[in-house]
Structure formats: structure tokens, C-alpha cells
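Peer 1: Generate the whole structure from the sequences, applying the supplied hints.
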Amino acid sequence: ADRANLAGVRHIVLVLSGKGGVGKSTLSTELALALRHAGKRVGILDVDLCGPSIPRMLRVQDSAVHQCDSGWVPVFVGQDKAIALMSIGFLLERPDDAVVWRGPKKNALIKQFVTDVAWGDLDFLIVDTPPGTSDEHISTVEALRPHQLLGAVLVTTPQ
Amino acid sequence: CPGTGSAQAGRAPPARDAPTRGSAAAGAAGPDPVSAAALRARLRAVRHTVLVLSGKGGVGKSTFSALLAHGLAADETKQVALLDIDICGPSIPKIMGLEGEQVHQSGSGWSPVYVEENLGVMSVGFLLSSPDDAVIWRGPKKNGLIKQFLRDVDWGEVDYLIVDTPPGTSDEHLSIVQYLSATRIDGAVIVTTPQEVSLQDVRKEINFCRKVKLPIIGVVENMSGFVCPKCKNESQIFPPTTGGAEKMCQNLSVSLLGKVPLDPQIGKSCDSGQSFLAEAPESPATLSYRNIIQRIQEYCEQHHLQEEKIM
Numbered sequence: 001a002d003r004a005n006l007a008g009v010r011h012i013v014l015v016l017s018g019k020g021g022v023g024k025s026t027l028s029t030e031l032a033l034a035l036r037h038a039g040k041r042v043g044i045l046d047v048d049l050c051g052p053s054i055p056r057m058l059r060v061q062d063s064a065v066h067q068c069d070s071g072w073v074p075v076f077v078g079q080d081k082a083i084a085l086m087s088i089g090f091l092l093e094r095p096d097d098a099v100v101w102r103g104p105k106k107n108a109l110i111k112q113f114v115t116d117v118a119w120g121d122l123d124f125l126i127v128d129t130p131p132g133t134s135d136e137h138i139s140t141v142e143a144l145r146p147h148q149l150l151g152a153v154l155v156t157t158p159q
Numbered sequence: 001c002p003g004t005g006s007a008q009a010g011r012a013p014p015a016r017d018a019p020t021r022g023s024a025a026a027g028a029a030g031p032d033p034v035s036a037a038a039l040r041a042r043l044r045a046v047r048h049t050v051l052v053l054s055g056k057g058g059v060g061k062s063t064f065s066a067l068l069a070h071g072l073a074a075d076e077t078k079q080v081a082l083l084d085i086d087i088c089g090p091s092i093p094k095i096m097g098l099e100g101e102q103v104h105q106s107g108s109g110w111s112p113v114y115v116e117e118n119l120g121v122m123s124v125g126f127l128l129s130s131p132d133d134a135v136i137w138r139g140p141k142k143n144g145l146i147k148q149f150l151r152d153v154d155w156g157e158v159d160y161l162i163v164d165t166p167p168g169t170s171d172e173h174l175s176i177v178q179y180l181s182a183t184r185i186d187g188a189v190i191v192t193t194p195q196e197v198s199l200q201d202v203r204k205e206i207n208f209c210r211k212v213k214l215p216i217i218g219v220v221e222n223m224s225g226f227v228c229p230k231c232k233n234e235s236q237i238f239p240p241t242t243g244g245a246e247k248m249c250q251n252l253s254v255s256l257l258g259k260v261p262l263d264p265q266i267g268k269s270c271d272s273g274q275s276f277l278a279e280a281p282e283s284p285a286t287l288s289y290r291n292i293i294q295r296i297q298e299y300c301e302q303h304h305l306q307e308e309k310i311m
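Listed in order, the protein sequences are those of chains F and E.
Residue numbers 1 to 159, in the UniProt record's numbering, belong to the letters of the first sequence in order.
Residue numbers 1 to 311, in the UniProt record's numbering, belong to the letters of the second sequence in order.
Fair warning: there could be bad hints in the mix.
Stated by the list, open to error - Subject to a maximum C-alpha distance of 30 Å in a straight line, what follows is the list of computed DSS-like cross-link-like pairs (lysine-lysine):
no., chain 1, residue 1, chain 2, residue 2
1, F, K111, E, K211
2, E, K309, E, K211
3, F, K105, E, K213
Derived by calculation from the structure, the hints in this document are not laboratory data.
Peer 2: Right under this line is the structure:
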């Protein structure tokens, strides 16, 4: 199951910054929508566990995730419901619930997001990250390393 | 010193670690009884502690923390301490004009870096060999350094300890609340911008504060409108599509301390390490900041009086 769920993903792009509030989630969303518009099969993995912004940006903040035999089924978003999205936002009982987790718990969920989501066949998987260079980033890179990591896009503002 | 890259990093014994360039520190997740006593002793001389939080990144926490510190230190009879616990992205050294400074150790502990005689600063930024060094640490190591900042820094007698935090509700936030239980935290100032994407993270932060029983002094709405210096027209660069901080504060029964408009001089002052309040005393943003700072001061003083009455 480890390799299987990402086996059909051709390219993985990480969107990083270091700095918060520069537009990582915005860019991840727009990038996914643009690639979809160009006819590609796209997925978004939102590993910002404390501040997941992608569900609201794609108007699916009230959605829930379901399980299938191969793992979790992503939520399908976008005009043609063809972009696959996974975010902790879907696992919260209430949208304002704070996810107050230390590193080890965050790491465990990220590993699950990477290995247990049934992404299917995708041309691009965009991975949106929180600011910093800590648990989420280390765990995401470690979990994705066996797969087709295309590279990272870094976002900043001018100051 | 093992250095941040060595396999021994994070395993060195605490307490006597010198704050050398590139030094690594580690500790257990929560304070043990010995550490708790050490923390209490060190923090006994701190009268007021204010945490600056958000949940959302890039809304102006560090900017606000720095200006709060400058504003409070304008009264030369007050001793102000600014502690930056954003381990991955420490902005305070640059904003305070202290890039390149080092931390020195004396018999009584690590010395803060002083901007003014009555304004001392501590940040992981001062421990890096080069400003571009990435601190790629997992939670436990970050917690260890935060504990060292509180236990080993010789702040002396402090009227106000301002703690700048990274975005989120994770290790750093849990740890600072835990470690500061050795002293009393007056409360948290929560910073946001007007748009819903920020507010949704800030609501989580408010819930975090309630969960850990951290009083909320109030919310500051940054980047709240922009007045063109040429035509004087006001624009909403980050439109408050769901009512902004004002509506959120009403809904969650927290105080709105104030709204600060966007002023390009703020970013410039931060980049050049100068106090925006001093560089642009006539800006509407300066007026807003000063009002907010005064409200925070009043809250702390009132809080103190109430406590004294109870005792």
C-alpha cells in the first residue's frame, strides 16, 4: 500500500517558503487550477496541519473524507470536480477546532496522508506546506522521497 | 559544542551549554521539577508577560512585538524584554536592527542583546553562524531551546516580557505556555489581517488560548485598509469579506484592541531595523499602534492591581 497509492502520480511539486503569509496556499490552488485547465490530472495535498487554508480556497470547507479499500478517498474539487484534495481541514469536527499537536503526532498524520490516500492516476500532485523548516517539512520530504519528487517552488514577497 | 549538524546535537547536557554560534540545545518535552524550580527562580523578577500569537503567518506578529517593545521601552523607567521563539524564521533580530549580534555568557547566564539600556532581546537568530542557516529541527529540540531561553537568559528585573511566536498551534506554543506556568502570563495579543483566510486560522488560535486557559488581552487587525499618500483615497487591500476582525471579535466575545492600516514605511522600517514609531510619528498607523500599546499597558496594570487585591 505504501508505494501503491502514489504509484500513479507522475510528478510531485512542493510549494515552500519559510516565511508565512506570502501566498503558498494561494499559489498552490492557482497552480492546481491552471494545470487542470490545461487538461492535466491534478491533486493537492495540504500538509499545513495547524492552519489548513486550501479547503476554503476551493469552497469545500464543509466536506468530509471517506474510506475505501485502498485507503482514504480524497475530496474532489474544482468546476469539474476533478482535482483531488486532501487536508486535515476535512478531519476536524468543527472548522474552528485548533489542532494542538506536537511534532510526533503531526508526523504520523503526514505519513498517513502520503501513503494512505488513494490518489489514483495523477499528472501532478501539488503539496502545500506551512511556513518554517520543521516537523511537517522533514516528514513530508522523508515520506515522499521514494516517489517522483519533481522539486520545490519557493514563494516569497519582496521585503 | 556539538553544533546543529552533529549526531550528538540535542543530546548534550543542558544548563551549562554556552550560547556559541551554531550551538544546539535540547531538553525533554515538559519541565521536570528541577527545571520548573529553575524557571520560577529566573522568572520571579518579571512583572508582566505578554504573548503575541496568531495562527496565521505573515500578519505582523513580529512587527507588532517589536513595536510593542519599543513603545513600552519609551518609558525609560521600565525594563522591557523581547523574546523571539520563532526558531525556524526568527525575524526579531533584523526588525530590531540587531543582525550579526552574538549572545555572550556571564556568570549569571546568557546576556540578552540590548537595543537600548532598558530593552533587551533574545532570539535563535543570534545563535546562527550565518543568517541564512536553516534551523531544521523537530519539536523536541525546539522545545529545549525555548526552555533554555527562559531558564538561562539573565533578563534581570523586567517590567514587561514580550514573547513573539511563530504561526500555528504546535510545539512552540504548547511549550511556552507550559514553561511560563512558572510565572504568570498576563495574556495573549492575537494578530490578524482582515480576510477570512486569516480569520479562520485566528479562530483556531483563540480556541487554543481557551483550551490552555491563556487569557486573551485582545485582537489586533493589521493591514486594515490603505490610504494612498497621493490621492488620500482608502482601499481595502485585504477586504474583510466576512466582517473582518471586528465581526469575529463580536462573535467570540474578545476585545478588538485596534486596527492598523497598511503603510509601506512599516515594511521599510522593519527591513532597516528601525522603529517605525520613531521614523513615522505622524502616520495613522503609528497612532493606531500607540493606542493599542496603551490599551495593553492598561490591561496589564489593571490585572496587576486585581491580583494584589486578591492577595
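Peer 1: Next, verify each hint and record whether it holds.
Peer 2: Outcome of the hint check:
1. The suggested pairing of K111/F with K211/E holds, with an alpha-carbon distance near 27 Å, which does not exceed 30 Å.
2. For the proposed pair K309/E and K211/E, the alpha carbon gap of about 27 Å is at most 30 Å, so the pair holds.
3. The straight-line distance between the Cα atoms of K105/F and K213/E is roughly 22 Å, inside the 30 Å bound, and the hint therefore holds.
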